[in-house]
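Residue numbers (the working numbering), protein chains in the order written: chain A, 1 to 287; chain B, 1001 to 1287.
If you are wondering where the hints come from, they were derived from the structure by calculation, not from laboratory data. Ideal Cβ placement from N, Cα and C applies to all residues, glycine included. Please note that the accuracy of each hint is not assured.
To be verified - Between beta-carbon pairs, the in silico distance windows are:
1. A/G231 / B/R1100: 33 to 43 angstroms
2. B/A1023 / A/A23: 48 to 58 angstroms
3. B/G1024 / A/D227: 42 to 52 angstroms
4. A/Q286 / B/G1024: 43 to 53 angstroms
5. B/D1227 / A/A23: 40 to 50 angstroms
6. A/G24 / B/Q1271: 58 to 68 angstroms
7. A/G196 / B/E1073: 21 to 31 angstroms
8. A/E78 / B/G1231: 51 to 61 angstroms
9. A/K22 / B/G1272: 51 to 61 angstroms
10. B/G1196 / A/D198: 41 to 51 angstroms
11. B/Q1286 / A/G24: 41 to 51 angstroms
12. A/G272 / B/D1227: 44 to 54 angstroms
13. A/G231 / B/Q1271: 39 to 49 angstroms
Protein chains: 2
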Amino acid sequence: MKKIGFIGVGIMGKSMVRNLMKAGFEVAIYTRTKSKAEDVISEGAVWCEDVKTCARGRDAVITIVGYPKDVEEVYFGEKGILEHADKGTCVIDMTTTSPRLSVRIYEAAKKAGLYAIDAPVTGGDTGAREGTLTILAGGDQEAFDRCLPVFEAMGKNITYEGKAGNGQHTKMCNQIAIAGAISGVCEAMVYAKATGLDVSLMVDSIATGAAGSAQLKSVAPRILSGDFDPGFFIKHFIKDMKLAGEEAKDAGVNLGVLDYVLSMYEDMDAQGMGDLGTQALVKYYQW
Amino acid sequence: MKKIGFIGVGIMGKSMVRNLMKAGFEVAIYTRTKSKAEDVISEGAVWCEDVKTCARGRDAVITIVGYPKDVEEVYFGEKGILEHADKGTCVIDMTTTSPRLSVRIYEAAKKAGLYAIDAPVTGGDTGAREGTLTILAGGDQEAFDRCLPVFEAMGKNITYEGKAGNGQHTKMCNQIAIAGAISGVCEAMVYAKATGLDVSLMVDSIATGAAGSAQLKSVAPRILSGDFDPGFFIKHFIKDMKLAGEEAKDAGVNLGVLDYVLSMYEDMDAQGMGDLGTQALVKYYQW
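Using the sequences and the hints, build the whole thing.
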């Protein structure tokens, strides 16, 4: 593993490209809007004019793009990865996307003589920047083992979750747990404000006990300082929760709290708040 | 502060009595069923035949009983604390109960020449045993300061939350945050099982990231080992969530996720599962 093609150089991707270069990988990049990648190009990443060029001649091709339809396009499109990557290449989708799409990619990759890993991440922009992402990987164990040095350049807590799609399924679990936790945090804060408590003192009082959570730690200070900028976009969280809800239904279970939290965020999105951070959920209530 | 009257010697109360005695307080106790208190009596707690006797001649009277109606009875009943405690006594209700009941006790106590503190706790049976309870106190600052040595014998994270009722309000926030977190954890586990993941591996994979929580840490291992015994009873959690929902509505806010989680637990209670631990929420789904 030496030559990496990297597709999708957004907030997350950019930091991941930097960490790959720092670890000694040769990184070729493609992203929809070249101007957004100028900084990493000046730092040594090689620009490619299209997905095809970015996919050819690499040991691994990494994708981290926006939505399932974007993933479809870069893999299955006319100039897509599956058609143009060299035989033996590992294709790694790190977008949070549909587990069944990951399985489709895995199967198509196999036919094309490629190895596919679904490897969505958690840890946000900070984790990407500091190379401490949690990476949840599905696919063949052998392919995972081959990709491990690549993952280790970008993350810390790297787990092989089993067969293709299982990385995505595990990420769905992560988002489901977050949906519950963040709504609990927001409702606790809304309650505290409405009943006249010192909200900050309340948060400190409960943070170390049974109500403590990573969401409380990250979300409460932002809300208290009036910071509703996206660490994680509402519109992306909606995408994830929808995928999780659909997968759950297909698996025969109904996740009522997830559906409920999703419906609140969808209301907010309909009101034009999709580009705010997930902590803006308090605005759904009186805040 | 030397002589303590302690009313309500259940799982929590018993450990608290032991820690008070260990810290050098003289503890007189009353609880509904004497036989349940024999062990702490043999360890030095003085048995009282009724609430009245337990309330008289003390520096502080602590109550930790089951439901608001029990609190009403021990404070406002015929042989109750408010009528029989010596002037100047601090009365401390550590039951999780209605904030407005705490305010009523506070006001009645004031008229009777007593000081009242509402001081519900978190940390469960383990926290009670180890003297590491989180104590959330409301009332007059002066009374809180006087009671601090008593609290320090039983807890670690002791916070003065402001005026009477604020201890209870803060505890409500704690329960609201837990309602969200525990439902997210259970739905994540249900999803994982339904989609064929290794549930234990999933839990480990997400525990250190943004989905991490005290609930995940405490609840997931119990569910995985099939342990649905109560650390915290569903029936008591229902009581707390009902109180929180009512208070929220009175304060003009509607907490939809809380109401939703409450309705699930109420369904379970109606099916005879109220004596299980809160982690049994997974049984609401397919598990």
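- Message: Hint compliance check: list the failing hint numbers for this structure, sorted ascending.
- Response: No numbers; nothing is violated.
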